[in-house]
Structure formats: structure tokens, C-alpha cells
Amino acid sequence: MSDVGNTINGVPTHGRAAAQIRNGELIYYRPAEGDPVAQIPVDELWSLPLEECAPVRKAVSYKGQKNFTGEWWSSTTESHLPFESWVERDFLVAADFDPHTIGISVQPFTFRFLSVAGKQREHTPDVFLRTRSGDGVVVDVRPDPLVDSDSRESFEATAELCRQVGWSFCRVAEQPPIRAANLRWLAGYRNQRNRRQDFATELNRPGESGDLLV
Numbered sequence: 001m002s003d004v005g006n007t008i009n010g011v012p013t014h015g016r017a018a019a020q021i022r023n024g025e026l027i028y029y030r031p032a033e034g035d036p037v038a039q040i041p042v043d044e045l046w047s048l049p050l051e052e053c054a055p056v057r058k059a060v061s062y063k064g065q066k067n068f069t070g071e072w073w074s075s076t077t078e079s080h081l082p083f084e085s086w087v088e089r090d091f092l093v094a095a096d097f098d099p100h101t102i103g104i105s106v107q108p109f110t111f112r113f114l115s116v117a118g119k120q121r122e123h124t125p126d127v128f129l130r131t132r133s134g135d136g137v138v139v140d141v142r143p144d145p146l147v148d149s150d151s152r153e154s155f156e157a158t159a160e161l162c163r164q165v166g167w168s169f170c171r172v173a174e175q176p177p178i179r180a181a182n183l184r185w186l187a188g189y190r191n192q193r194n195r196r197q198d199f200a201t202e203l204n205r206p207g208e209s210g211d212l213l214v
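Residue numbers (UniProt numbering): 1 to 214.
There may be inaccurate statements among the hints.
Restraint-style ranges between C-beta atoms, simulated for each label pair [as the list claims (entries may be wrong)]: (1) Arg190 with Leu26: 35 to 41 Å; (2) Val37 with Glu71: 16 to 22 Å; (3) Glu202 with Pro177: 31 to 37 Å.
Keep in mind the hints are simulated off the structure, nothing from the lab.
Beta carbons: idealized from backbone N, C-alpha and C, even for Gly.
Let's have the full structure, built from the sequences with the hints guiding it.
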């Protein structure tokens, strides 16, 4: 990915016994807003248009909460995307500006995996991206200081799941602050209500070269 790629930290899955995604394990997702949660086997996940699915769970907001939740208008999806932290919001803004991204969904699915300790665990990735090439990218948004052993194991399990499906996985941390602020400012002008088609057509017209005036 072009714009988002500079901030991606890959998650290695080698070097120790990784968490296991068992054969026949089910993936839980919500086909559309208002629909009940549905199930699909891991080996069929590749065929699911996750970029069109609703969040499998709702963002929680409560008094005294340390993270900030909300919604951000996406030009790519032409809809509001919920976020669970400002770090996640800034990633969504960056992904929305990436010309290789044609679809975005948040909290796209939940899956179970067997931890290294042999315990059954669940994980819900933060974001799913559909690229222009048709590939899928699963993203977890977590600042470096907040990555502990449990979250690292969840990321490794997600990376293994994506490997089985044929998708990519990455963890992203904070966006560069100046770039993030600039993208947030520019994002407001991408809403269709602010679009002037006559101006857009003129700006996209190939320029004509002429004499340089000093």
C-alpha cells in the first residue's frame, strides 16, 4: 500500500509455537447493519466481501473512558466509519486517502484461536481494506507501548489466519502527527457536498505549457 505503508509494522509469526487456527473453525461477521451475526468457515473467508459488511460489534462508550470513540466520514465508502480511538481514526483517514484502497470496513469479523497456553481465545481485528487489485488487508491498530504479550499473540494468530486465506496482515501505530493533521484538514473537502464538478473538471484538465514569465 502506498500512503499507509510507511507506518506499517509487520508481525512475525516465526520463531516460536504460534497460536493455532483449527481446521473447520468459524468466522463471525455481520452481513449488513441490523442483520444478526452470521458464521462462515475459515476456508471460505476469502470469498466474503468484508468491505461491505457492518461491524461485528459496536464501539463501547462510557464515563471515564480513556480512549475516544466516534465516527468519521469516509470518501471511499461514502459513509461514516466508527472508530474506537484517535489512533484508529487517523489510520482510517490515511487509508481513505490511499488510492489503492477501494473498500474499508471496521471490526470486520471475530475469530477464535487456540493460544500457545492451550486456551480458547477470541480476537476482532480493527479494520479490513479491499485494495484495487482485489486483495484483502486486515489491520490491527495499536500503539507500540500498548502491545503486550496477549495482544502480540492475537496479532500472530490474525497473521496466520490471513496467511491461510491469502490476505495480508499488518499492525499500525500512530500516524506522523503533522501528516495526520494535514489529512484530517483535507478530508473535509472530499465530502460530496463540498464538490464543485465544474472546478473538478477544470483542475483535472491537462495543463498547457507556455513561456515562463519572470
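Results of checking the hints against the structure:
Taking 35 to 41 Å as the suggested C-beta distance range, the pair arginine 190 and leucine 26 conforms, at roughly 37 Å. Our hint of 16 to 22 Å for valine 37 and glutamate 71 holds, since their Cβ atoms are close to 21 Å apart. For the pair glutamate 202 and proline 177, the beta carbons lie near 34 Å from each other, so the given range of 31 to 37 Å is met.
Violated hints: none; the structure is consistent with every hint.
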